[in-house]
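A.B. asks: These protein sequence lines are chains A and B, in that order. Using the working numbering, the letters of the first sequence map in sequence onto residues 1 to 238. Using the working numbering, the letters of the second sequence map in sequence onto residues 1 to 231.
Just so you know, these hints were derived from the structure itself, not from any lab. Do not rely on the hints blindly, as some may be mistaken.
[Said to hold, decoys possible] Per label pair, the in silico range of CB-to-CB distance:
1) Arg23(B) - Arg138(A): 33 to 41 Å
2) Leu120(B) - Arg138(A): 37 to 45 Å
3) Ile41(B) - Lys38(A): 17 to 25 Å
4) Lys38(A) - Ser197(B): 39 to 47 Å
[What the hints assert, rightly or not] Selected chain B positions facing chain A (Cβ under 8 Å, derived; list incomplete):
5) Val158
6) Pro183
7) Ala220
Backbone N, C-alpha and C define an ideal beta-carbon position, used for all residues, glycine too.
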Amino acid sequence: MASRIRESIFGQALASVSVSVLIGFAIYGALIWAPTEKTMGFLQRIFYFHAASGEVMILAFCAAFIGNVGYLIRRKIEWDWLAISSVEVGLIFNTISLVTGPIWAKPAWGIWWDWGDARLTSTFVLWVLYIGYVILRRMIENPERRAVVSSVFGVFAFLDVPLVYFSIWWWRTQHPPPLITKPGGLAPDMLKVFFFTMAALTALMAIFIRQRYKLEAVRHTVAEMQIEADYRNEGGAK
Amino acid sequence: MNSRAKSVSLTRAIASVFAKELRVEFRSFELLTSTIVFALIVVFVFSFAFNPSAADSRRFGAGFLWIALLFASSLMLQPSFTRERANDSLAALVLAPIDPFAIIAGKLFANFFFLILVELILLPAFSVLYNVPLLGIIGPLAGVMLLGTFGIATVGTVFAAIASQARMRELLLPLLLLPALVPLLIASVGATMGLLSDSRELPSAWVAVMVCFDIMFFTAAWLFGGYLLEE
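The shape of chain B in the complex, shown without the other chains (with noise of 0.2 Å):
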């Protein structure tokens, strides 16, 4: 992709990115805080909204608990490229003897791996607020969230390479995040109302739509995600 030597192998660049971005977040935890905090905040005001029954929280739920998720997202996403700004450091890890890709995709999986922090907490929170037992089908939950949580963090995490070259980059993320992830909300929100509703079925359409946006974003990150941090 790039003239430079490569002294580094990917998968250790990678790893240092992720670490890195870990090391960053755990010292002071803002990220983390500020967006379990946000997310905990949708589900409750959704509440007051609709007053949701029993029966009502299962049908509509599994919209609440996405919706929740991808507006706190498309705000924890923003910071893991607009932070790097301050001492200008950006500039620097470009300058590593690296693939490009390797930055977008450490903070890739450090983005996920804090949404899914997120959701170990929104999770029972959810269940609790909405009366929707979740111990049962908490297996293929996992892997419905797990699927879901990677196609946001994915396309998330290119958009805020994106959204940070440009002014109004706060309101831009969102505008441009919410419309791209309309395939992956309807596929996660209908896997998650199966398994929501009485039958507690998987609908393995949904999942193959999931499987595909990821491979499909992932690699399209692979191919060009490299682009957006040259200088």
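For reference, chain A alone in the conformation it holds in the complex (with noise of 0.2 Å):
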């Protein structure tokens, strides 16, 4: 047992090391390394880290639909916690994202918000949905009706967001197109950056949602140990 500890510590610290040391590199090549963009200028260097936390914040928010479907068919726990692990994970890259948004838009459309822009809308109703999702498990109090109630909600919301973003997109929208697919759109320097800025926060997002997901499982044997205890003190009583 104590191997076993020691062993998942030192894992886990080399894991934490590897993504910190990724990173930094990412950091690096962001703010120095790639070039600086001509009409754009420096600010531009914000596009790493506000399109790859977009991006790595669908992903999670799949992990979280995976989770909701997989705990409706299977009902094992575990998929719950696959669940509320990717939510949770998916909101602060939703945040970052949502923050580094705007403070590329003002200098670069001139203005903070547009609400008629399909993916900064969508990004934010996103946001607003998984919230009411963290809300909503916070209110309910039994783990299996917790995990069926907030599966339900999540498939509901993930099923949303298609829907709430043609219909801005319909509306109207001034987000740059994805730049990358486009020949032309990005310099080979700066998709490099991109790309490994992408996998770096990818690499987070997986050990973040790990360690969530181990203190979820830690709460679950918890609660049980305390349940269990309970039973045994009324039985003492007695």
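Each of the two chains sits in its own frame; use the hints to bring them together as a complex.
C.D. replies: Here it is, written out as structure tokens:
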């Protein structure tokens, strides 16, 4: 048992150090190594973390959706742990992209925020929906009820996303379209930095989800031990 | 979906739950009267907040109308599950040998019906108070109202079942429901705005979004709604 704990601590330390190094390189790449953009200047460098956070957020919410559907079908509480861990981590990246977006938009578009833009507004709706998911879970005590109810809500929230996106897209859009796929969009060096940042943030997301999942597992064990202890105490009192 | 014998067909079960909801409501009319008054108050308050001219009303009227409906429905949908709590009658419903989706669907159609009744009073009042003539576009407008209301009732009924199992449920339902209804609100307002404009044209893209929304979430309610009622 002790050796297993030591091993897992070693593994965690190794993973944390390597992700920190990756993030360090990503920051260096984005702020120093990448060439400065001609029209937007130094400010364009926020793009690497802004766009990468957006992509990582989508990955995390997809993992949450898998957790939700997995729980409803399999009824194993571990799926629910995956769902809540992914939602909370997804919300962090969601918040990062929401905060960095206006910082970039002000000089690039001349405004902080535009309600007519599809990606901007749907990211905001996503944020509100998943905050709702976290609040909903706080309001239900029974772990099984909580898992069922929040899973159904999670499925509905996830299905809503493409509809939100397209309905706002038809409204009017001014977010720059994805530059990566078009030839002549991003300079090759910029592209390298962008993909590196994305990989680093994906690794960060994975390690966060893993830690949060373990926390949920420990909470579950503590709750079970509490119930057992209460049961024993009652038995002892008789 | 579940293993117990289904001795009653789904449509008959839905019809029974629907009839039961109507019977309960028509005994007191408490839900309908308060919702109608509330919706009228919202429309009324908007006119003070914005003091719109006739041209403003044509432009923003669609938004006022749908916001009033959205707020009213987020209040009205709440009791569809919570009022079963008093006598724990939901447990009895769940024990009946029917598909649990029938309970969701029965309540869904009942809520849809109630919201239509609210609109039948709200629309003429809106037309008079904001000087927006609706008679010429009554046909397409009815279609838009039906599609939009069905979407509200579908997501609203499922979310009412979700919120009824949590603490602070009165606060929770609008908090969960309003963001989820954003695409429907955009499409409904877009379609209604087209009808109220000078060209009186019904934008087909918005109708398509509404139809998509309704089909998607009704299917989701059918696939996953039953889980919410298991004990």
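A.B. asks: Of all the hints numbered above, which does this structure not satisfy? Sort the numbers upward.
C.D. replies: 3
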